[in-house]
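Build the full structure now, drawing on both the sequences and the hints.
If you want the building blocks of each chain, they are given just below.
Protein chains: 2
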Amino acid sequence: MLSLKDCQAVIKQHLNELQLPGLPSNLYDPMRYMFELEAKRFRPSLVLMGCNVFSDNIQPAIYAALAIEVFHNFTLMHDDIMDKSAMRRNRPTVHMKWNQNIAILSGDAMLIKAYELLAHVGGSMLNRVLPVFNQTALQVCEGQQYDMDYEQRLEVSIDDYLKMVEYKTAVLVAASLKIGALLGGAADEESNLLHEFGKNIGIAFQLQDDLLDVFADPAVFGKVTGNDIVFNKKTILLIEALNTASGNTRKNLLKWLNLTNFEREEKIAAISAIYTSLNLEQSVGSRIKRYHQMAVNSLDKLVIDPTRKSELLTFSTYLMHRKK
Amino acid sequence: MLSLKDCQAVIKQHLNELQLPGLPSNLYDPMRYMFELEAKRFRPSLVLMGCNVFSDNIQPAIYAALAIEVFHNFTLMHDDIMDKSAMRRNRPTVHMKWNQNIAILSGDAMLIKAYELLAHVGGSMLNRVLPVFNQTALQVCEGQQYDMDYEQRLEVSIDDYLKMVEYKTAVLVAASLKIGALLGGAADEESNLLHEFGKNIGIAFQLQDDLLDVFADPAVFGKVTGNDIVFNKKTILLIEALNTASGNTRKNLLKWLNLTNFEREEKIAAISAIYTSLNLEQSVGSRIKRYHQMAVNSLDKLVIDPTRKSELLTFSTYLMHRKK
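From first to last, the protein sequence lines are chains W and E.
Heads up, the first sequence is in the numbering used here, so the first residue is 1 and it goes up one at a time.
Heads up, the second sequence is in the numbering used here, so the first residue is 325 and it goes up one at a time.
Bear in mind the hints are in silico, worked out from the structure with no lab data behind them.
Any given hint could be a false lead.
Selected chain E positions facing chain W (Cβ under 10 Å, derived; list incomplete) [stated by the list, open to error]:
1. 399
2. 400
3. 450
4. 597
5. 598
For glycine and all other residues, C-beta sits at the position ideal for the given N, C-alpha and C.
Here you go:
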């Protein structure tokens with residue numbers, strides 16, 4: 001079976017070989033720029049791994065994998081405009097390096113390019129794969145909209161937050177595996193088990209992201225921690241805190257959230273201390289384990305030679321123990 | 325045969341019946357708002373008319389027609405952001421009524437919605453229609469990029485301008501007819517003749533738009549004239565003028581283009597006078613007639629009972645003589 005690393009290498013090679021027109025350069029240069037940023041290529045690799053569960057031939061899944069990766073990069077380009085992010089992977093974002101109009105239009109063209117790649121899935125398979133891609137893409141937009149809506153609200157329920165994470169992040173991981181499975185020849189029910197697996201590791205992944213921003217070891221993490229705290233980002237930690245803190249702890253939390261003038265490190269230390277006092281590292285950690293267990297359960301239900309599932313299990317375990 | 329009016333009525337009914345989710349409202353309300361703006365629905369009507377040339381049953385073309393209309397509205401929503409347009413059809417544009425982030429994301433979702441509608445084209449036909457749609461959609465983005473690029477340049481060749489118009493406007497008209505034809509059972513070569521017809525009336529349509537902004541009878545036109553002149557918009561008139569004016573006429577033209585403080589009506593009168601002195605109403609008028617003639621020639625080449633083509637001929641003649 002192909003490991004994550006094998007699949008990442010295949011994706012890297014095909015992305016490098018992706019032919020984009022030269023002109024108009026303001027449309028296509030930003031796309032090339034996005035593809036050249038360092039990235040883990042988890043999603044397209046999962047398309048290949050999903051295919052590989054059911055077939056030794058991953059060729060039929062390559063275009064769909066590229067489509068998923070190009071779609072993902074489209075969402076990054078437009079999200080960076082909406083979130084006013086200046087940097088991505090230590091490089092200026094497209095709307096900063098070029099301008100906002102170019103980031104809007106180049107992102108649009110990237111989304112279309114994703115469909116162009118997907119259209120290479122020929123024959124009747126296209127009729128099965130395209131609706132999955134469409135539904136997922138719309139849900140990703142819905143998730144981003146909920147994320148922006150929630151930033152404007154103080155109180156967000158945990159269920160609402162988890163639904164947002166499912167839509168914004170997890171369904172694309174799920175669809176990657178499902179589309180790969182279909183292209184590998186899986187029956188609908190088999191592909192749905194991989195979808196369920198992907199959805200749950202996708203949610204676990206995002207919750208862990210929230211946790212790492214606060215509790216990661218900076219030496220291992222490789223990125224600055226505490227950014228979510230500094231910008232009052234609605235994470236599972238902040239939402240759990242707002243839903244469970246009472247008395248002075250709540251007052252203290254709200255004071256820090258409303259402060260516009262503060263020392264960065266002081267705010268991070270204060271809110272981290274609140275999270276610790278509420279035992280959030282443990283409770284969110286347990287939540288992540290539950291999602292991981294649900295993912296594993298879905299994989300267990302798939303009736304197939306266990307060796308064919310082993311790489312997906314390895315992947316989910318690797319995600320569970322990641323420190324960065 | 326179905327007339328334009330018949331097709332417009334069919335489109336209107338199906339657009340009214342289009343089911344969009346309620347939530348998140350910031351994602352779907354702007355879409356509904358766009359669909360409720362008054363519009364001629366030329367493009368989706370041409371999908372139905374293209375189908376009707378080859379088949380008495382237009383049902384197979386309805387979803388594709390809606391996809392084309394939804395795609396067109398996506399381009400309007402994003403173009404309005406890029407062009408900083410405050411009004412469309414006498415109503416505030418989406419980024420003004422809501423905000424820019426909502427206009428970006430709702431536009432993205434609209435583009436995906438277009439693909440969702442297109443996916444209803446089932447069976448092997450999807451493999452023929454989707455690539456046409458994809459290529460067209462990318463060309464529309466390229467056209468919009470060229471348009472923005474040209475706004476930053478003083479000199480644009482007529483050929484470059486015509487290519488921009490072809491991509492930004494004409495290919496979608498062409499693809500509407502071609503996709504309709506395919507869904508009506510046309511052979512590839514037959515559908516390509518309708519594509520050629522559509523491309524040429526599309527270019528003629530845009531050149532006429534440029535002309536009407538300056539030379540329309542305001543009482544009939546129903547919109548304020550002269551806006552292109554006021555904002556130095558690169559139209560076929562301005563480009564022809566920059567390419568042909570010399571001596572004092574050129575100096576005078578450049579003076580008005582560079583003036584930042586001016587009386588609106590005075591600038592319109594001055595530049596209109598330059599256009600008239602260069603005989604541009606006639607030369608652009610002849611150009612439009614040539615495109616119209618090329619369109620008619622393509623239709624002539626289509627070997628089919630002439631009554632099946634009559635409504636398309638009527639449509640092109642109607643466009644040629646429009647005063648608004």
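Going down the list of hints, with the structure as the test:
1. Of the supplied interface hints, the one on residue 399 of chain E holds, with its beta-carbon coming within about 8 Å of a beta-carbon of chain W, less than 10 Å.
2. Violation of the interface hint for residue 400 of chain E is found here, the shortest Cβ-Cβ separation to chain W being roughly 12 Å, above the 10 Å cut-off.
3. The beta carbon of residue 450 of chain E comes within 6 Å of a beta carbon in chain W, closer than 10 Å, and the hint placing it at the interface holds.
4. Evaluation of the residue 597 of chain E hint against chain W yields a violated restraint, the C-beta minimum of about 33 Å exceeding 10 Å.
5. A hinted interface residue such as residue 598 of chain E counts as satisfied when its beta carbon comes closer than 10 Å to some beta carbon of chain W; here the least separation is about 30 Å, so the hint is violated.
Violated hints, listed in ascending order, are 2, 4, 5; each of the other numbered hints is respected by the structure.
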